[in-house]
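J.: Sequence:
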Amino acid sequence: MAKTQRELINRVLNDLSAIGNGEDAEVEDFQDIEQRLETLVAELNVRQILNLSTTTNIPEELFEVLVEYVKAKAGPGYGKPDPDIVTVSGLEDRMREISWPDVGRRTMNTDAVLRQGAFFSSTFPFVRHNQ
Numbered sequence: 000m001a002k003t004q005r006e007l008i009n010r011v012l013n014d015l016s017a018i019g020n021g022e023d024a025e026v027e028d029f030q031d032i033e034q035r036l037e038t039l040v041a042e043l044n045v046r047q048i049l050n051l052s053t054t055t056n057i058p059e060e061l062f063e064v065l066v067e068y069v070k071a072k073a074g075p076g077y078g079k080p081d082p083d084i085v086t087v088s089g090l091e092d093r094m095r096e097i098s099w100p101d102v103g104r105r106t107m108n109t110d111a112v113l114r115q116g117a118f119f120s121s122t123f124p125f126v127r128h129n130q
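In numbering that gives the first Met the number 0, the protein residues as written are 0 to 130.
These are calculated hints, taken from the structure and not from any lab test.
Remember, predicted model here, so these are calculated numbers, not experimental data.
Note that beta-carbon positions come from the ideal geometry of N, C-alpha and C, so glycine has one too.
One thing to keep in mind: the hints can contain errors.
Claimed, not checked - Below 27 Å or equal to it, Euclidean Cα-Cα: the simulated BS3-like pairs (lysine-lysine) are:
id, residue 1, residue 2
1, Lys70, Lys2
2, Lys79, Lys2
3, Lys72, Lys2
Said to hold, decoys possible - Estimated spans, in silico, between C-beta atoms of each pair:
id, residue 1, residue 2, range
4, Glu25, Glu96, 11 to 21 Å
5, Glu25, Trp99, 33 to 43 Å
6, Gly21, Val45, 34 to 44 Å
7, Asn50, Thr86, 17 to 27 Å
8, Gly19, Glu96, 13 to 23 Å
9, Gly76, Glu22, 14 to 24 Å
10, Lys79, Asn20, 28 to 38 Å
11, Ala41, Thr3, 16 to 26 Å
12, Ser16, Val87, 18 to 28 Å
13, Val85, Gly21, 30 to 40 Å
14, Gly19, Val45, 29 to 39 Å
15, Glu22, Val85, 24 to 34 Å
16, Pro100, Glu22, 31 to 41 Å
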């Protein structure tokens, strides 16, 4: 079942300790994270990391990783340390894997030859060995 944008924003603010459990965000905090979320999703869509047309309904499989990503990016504005590049790259990789599943490609006529590999007596068939 899809999650709402409000759930995501409240979860991010809760994780950033800006609100308590079960509380709704203040208008300013809510609008700040909402704007950041829209900007981040637009950037991730352009970079083809994320395939999300709207933040109104967020697929459940993307919810947690998107919370972590927004929390990492918005954290410095809420007194948290800057995220390291490895963390951000890992989150982007997870979003890409979830959002853009691998699609099999058509095989080419040369694939059978390429799969067969070098089954010759030497590693390089064009090299002559003196015997």
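J.: Now look at each hint and say whether the structure bears it out.
T.: Tested hints:
1. Lys70 - Lys2: holds, 17 Å
2. Lys79 - Lys2: holds, 25 Å
3. Lys72 - Lys2: holds, 20 Å
4. Glu25 - Glu96: 11 to 21 Å: Hint violated: Cβ distance 35 Å, outside 11 to 21 Å.
5. Glu25 - Trp99: 33 to 43 Å: holds, 35 Å
6. Gly21 - Val45: 34 to 44 Å: About 35 Å separates the Cβ atoms of glycine 21 and valine 45, which means 34 to 44 Å holds.
7. Asn50 - Thr86: 17 to 27 Å: holds, 22 Å
8. Gly19 - Glu96: 13 to 23 Å: About 33 Å separates the Cβ atoms of glycine 19 and glutamate 96, which means 13 to 23 Å is violated.
9. Gly76 - Glu22: 14 to 24 Å: holds, 19 Å
10. Lys79 - Asn20: 28 to 38 Å: violated, 18 Å
11. Ala41 - Thr3: 16 to 26 Å: Cβ of alanine 41 to Cβ of threonine 3: about 19 Å, so the range 16 to 26 Å holds.
12. Ser16 - Val87: 18 to 28 Å: holds, 21 Å
13. Val85 - Gly21: 30 to 40 Å: About 33 Å separates the Cβ atoms of valine 85 and glycine 21, which means 30 to 40 Å holds.
14. Gly19 - Val45: 29 to 39 Å: holds, 35 Å
15. Glu22 - Val85: 24 to 34 Å: holds, 32 Å
16. Pro100 - Glu22: 31 to 41 Å: holds, 36 Å
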